[in-house]
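Residues per chain, in single letters:
2 protein chains.
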Amino acid sequence: MEKREVSIGLLGVGTVGTGVAKILLNQAELLEHRTGISFRLKSALDLDWSRDRGVDLSSVRCVTSADEILDDPEIDIVVETIGGCDPAYQYILRALNNSKHVVTANKALIATKGRELFSAANASNTDILFEASVGGGIPIVKGLREGLVANRILNIYGIVNGTSNYILTRMHQDGLEFEDALREAQDRGFAEADPTLDISGEDAAHKLVILASIAASKMVDLSDIYTEGIAGVTKLDVDFAKSFGYTIKLLAICRMGDGEMDLRVHPTLVPDSHLLASVSHELNAVFVEGDSVGKTMFYGPGAGQLPTASAIISDIVDLARDIQLRANSGYRTRTIDPFAHPTVKPVKSVSSRFYLRLYTYDAPGILARISGILGAHEISISSVVQLETHVHDNYVPLVILTHSAREDQMERALAEITSLEVILPDYLRLRLFQ
Amino acid sequence: MEKREVSIGLLGVGTVGTGVAKILLNQAELLEHRTGISFRLKSALDLDWSRDRGVDLSSVRCVTSADEILDDPEIDIVVETIGGCDPAYQYILRALNNSKHVVTANKALIATKGRELFSAANASNTDILFEASVGGGIPIVKGLREGLVANRILNIYGIVNGTSNYILTRMHQDGLEFEDALREAQDRGFAEADPTLDISGEDAAHKLVILASIAASKMVDLSDIYTEGIAGVTKLDVDFAKSFGYTIKLLAICRMGDGEMDLRVHPTLVPDSHLLASVSHELNAVFVEGDSVGKTMFYGPGAGQLPTASAIISDIVDLARDIQLRANSGYRTRTIDPFAHPTVKPVKSVSSRFYLRLYTYDAPGILARISGILGAHEISISSVVQLETHVHDNYVPLVILTHSAREDQMERALAEITSLEVILPDYLRLRLFQ
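Line by line, the protein sequences are chains A and B.
Take the first sequence: its position 315, counting from 1, is numbered 315 in my numbering, and each next residue is one higher.
Take the second sequence: its position 93, counting from 1, is numbered 93 in my numbering, and each next residue is one higher.
Treat the hints loosely; a few may be bogus.
Given that identical chains are not distinguished, each listed pair holds provided it fits within a single copy or across any two copies.
[Stated by the list, open to error] Using 27 Å as the maximum straight-line C-alpha spacing, the simulated DSSO-like pairs for lysine-lysine come out as follows: (1) K218 with K113; (2) K22 with K218; (3) K22 with K295; (4) K242 with K42; (5) K235 with K218; (6) K42 with K218; (7) K113 with K242; (8) K242 with K22; (9) K295 with K42; (10) K295 with K218; (11) K345 with K218; (12) K345 with K42; (13) K345 with K113.
If you're looking for bench data, these hints aren't it; they were derived computationally from the structure.
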C-alpha cells in the first residue's frame, strides 16, 4: 500500500520557515505532479501568529505548543527552522524518538550535536536530513553523499560563508576597507548586526564539520577544526594578493591524507585562474575532488529565504519517497557513523605556502635579518615586495611569499621575527591555496 | 526482508564499462560500507575477452551473448555501456521488459529513443537512469531532478561538449586557429577521429534534450532544438569577442518563456564576468536558474573513464536503495512524462543580441549601407569595429554588435547585407549571452 499523502509539521515560521510554507502551499501542484505524492503542511509552530507572513496559512493548523506537532501521530516529517540550540535540539530529539523523520537547516546544531542526533535517528530507524545547512540552495549534501558515492573524497574547498565572501569581494573588486565592506554587508542584509559568527570563521567551521563528516562517513568534531576568520585581513593585503595574481577567500578546507584529515578554515590566497576565485559577493561554492570523478564544483546562493527552503523541500521529497516505499529505514543518516571518529592531522604538522605581511623599520639590513630567521627555520622565500609608502612614522609594509613550510616552523620563525624591535606588532600571516 | 546484495550485468566493457567494473570491484568495500549493500558484478558482455583491461575480472562471468545477462533472473540492474543505437536500444528494451532496472550513459539513445525507453520502463515499473549521459561525472541529472525538485526551472545554460570547449579555450587563451586546436584535441584524446558529432553541436543537442526534458517533466524532441556548431568560428572572431570582454562558448540553452520553451545550441558570446566564461578546456558546466533557488552551477569533467563510471555507480546505488526498500516502483523515470510534449518556441521569434562579422570592401559609404539595412529591419547597432588589416585583396573585417533583435529580422537583414556586391560571402553571425 503506497502512502500518497505525507504530513509535515513545521517548527518555527521565521524567514526560512515561511519560505518552506510558501513552497509547500504555493507549489503544491508542481510537487505532486513531479512526485505523485501530496505534501500536506498540517501544522506550524510559532509564538506570534499576528504577523502577516505573505503566505495564506488558512489551511494550516497554527499552533503555539510544539507538543501538538511532536506528539501528533499523523505527522510524518518534522521540519525544524527555529535555529539555535535550545529548544531546537530537544524538539528534534523528541521528533526522532517519536519515529518522525526530521529536516533541518541548523548547521550549528548538526555541527555541535550531530553525534547525539544521528544516533537518536539510528535508534528509531528514522532519518535526519540537512541539505540546507551547507551552501543554502546548492544541493551539495546530496551531491557529495549520493552523486559522488563512488568516490573517496580527496579534497574539499568551500566558500561557505556568504558574509565573509561579500566583504572580501567588495575589498578586492572595489577597494573598500574591511570596516566599510562589513557595514555595507550589514546594510544589505548579508551580515548580522553581530557578525562575530561569520567574521570569526566559526560559521564556516560548522559547515566544514558537516561536509567533512559526509566525506569521512564518520563524525568530525568542531574542535578538530583549526579556525581563523577574516577580521585581520586589510585592504593592503587584498591589494598585495591581487598584485601577485591571487584573490583572498575564506576557505573551509578538508584534505584527506594518509588516513589523516587536514581540517582548516582560514583566509586563503586563491590563484585568479582557479574557478573559486571567480565566486564573488554573497555566493557560495564547494569545490570537491574525488578519486574517480576528479574535480567538481557546486555553486549557488548560500542563504536566503527561498534558496534555503528549496534545499529543505528536496529533503522533504526524499523522505516522502522513502515513506512511500516503506517508512522508517533511516539509511540516509546511517551514511555517517556517529560513534566513529576520524584521525585528524594536528595543524602544526600541516605544510603550506605562506603570505607574510609585516611593517618593518625603513633601515638597511632588516630584510637580511628576516630572511636569515626564515632560513634558519628552513623556510625559503619565493617573492618579496617592499613598498615605499611609509606608515606609522618610519615603517614600511613588507610582504613575503614563501615556498611550502610546516606550520610549526612558521610559528617559531614568526615568534622570532615579531620580537625584533624593528617590526611592528601588527602583522598578518595567510596561507596560499595548494 | 531487505535484499542486501544487488546483482549487476554489464553490457559492453570498453572504456566506460571498464571504469564501471574497476569501481565495482576495487571499491566494493567502500560502497558496501557507505550503503550497507553488497554490489555484485555478476556478468559482463563483450565480444573480445583477450584484451587486458587493467582490472581483474576473475570473479565476473565474462560472456559473449547478451541473453546471458538479459534473461538471467538473478540480475537486478543492467548497465549499458556499448554506446550507439543498435544493439543498445534492443538490449535495454529487453532488460526493461524483463523487469530489470537499467543504467546507461548513452545520450544519443536517450535523446532519440527516450520516449520509447521511458514508456517501456513505466510499463514494467522499472527505472532507466542516465546520470552519466550529461556532464560526465557531474551529478547534474540528480541535482536538477532531486536537488532542485522544489523549483520551476527558468533557464539552463550548459557547456556540455568538452571537445568544443577545449577547442574554443585553446583559441581564446592561446591564440590557436580552429584547425590547429581541433588537431590538438584529437591528439590529446579530447576529440574523435571524426569530430562531426561534437563540432556540429549535435552531441550538445542530445544532452540538451535530456536536461530540458527533466526541466519540463515532458519529453523534448531532438528536432525541437535549433542547433549550430562551432565550425564557423575563427580565431579572428574569438579575438574580436575577447576585445569586447566576451568569451565564445558553445552553449546548450533552455529558456522557459510563457508556456513556451526556447531550445538552442550555438556558439555564444559569454561576458567574461560570468562564471561560465571561466569554464575552460575539456571541462563542462551547467548553469541552472530555478524560481526558488536562484542561480546555481554544476561543474566538472564531462567525459573520461572514471568520471563517467562515477556517475553510473551513483545511479546503481540509487537503484539498489530502491530495490532494498521495495523493488520495481519506477518512480524516478516517471518524473518525465514520455507522452507529453512541451510547446517549443519557433527560433525565428526568439530575440537575442547579435555579433556580426563581415568582410567588406574597403571603400567609403559601406558602413552606412549596412547600418541602413539593419535599421530598416529595426535592428539597432551597439558597437562597430573595423580593422585596418586587409584580407582577400581589398577587404577588411567589420564586426557589429547589435541590441536585441528577433531572429527573423536578423535573417532578413543578413540576406540583404550578404547580397551586397561589396560583402564577401564568408560571414559569421553569433548571439550574445542574455
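Notebook entry, point to check: So which of the earlier hints does this model not fit?
Noted result: 4, 5, 6, 7, 8, 9 and 12
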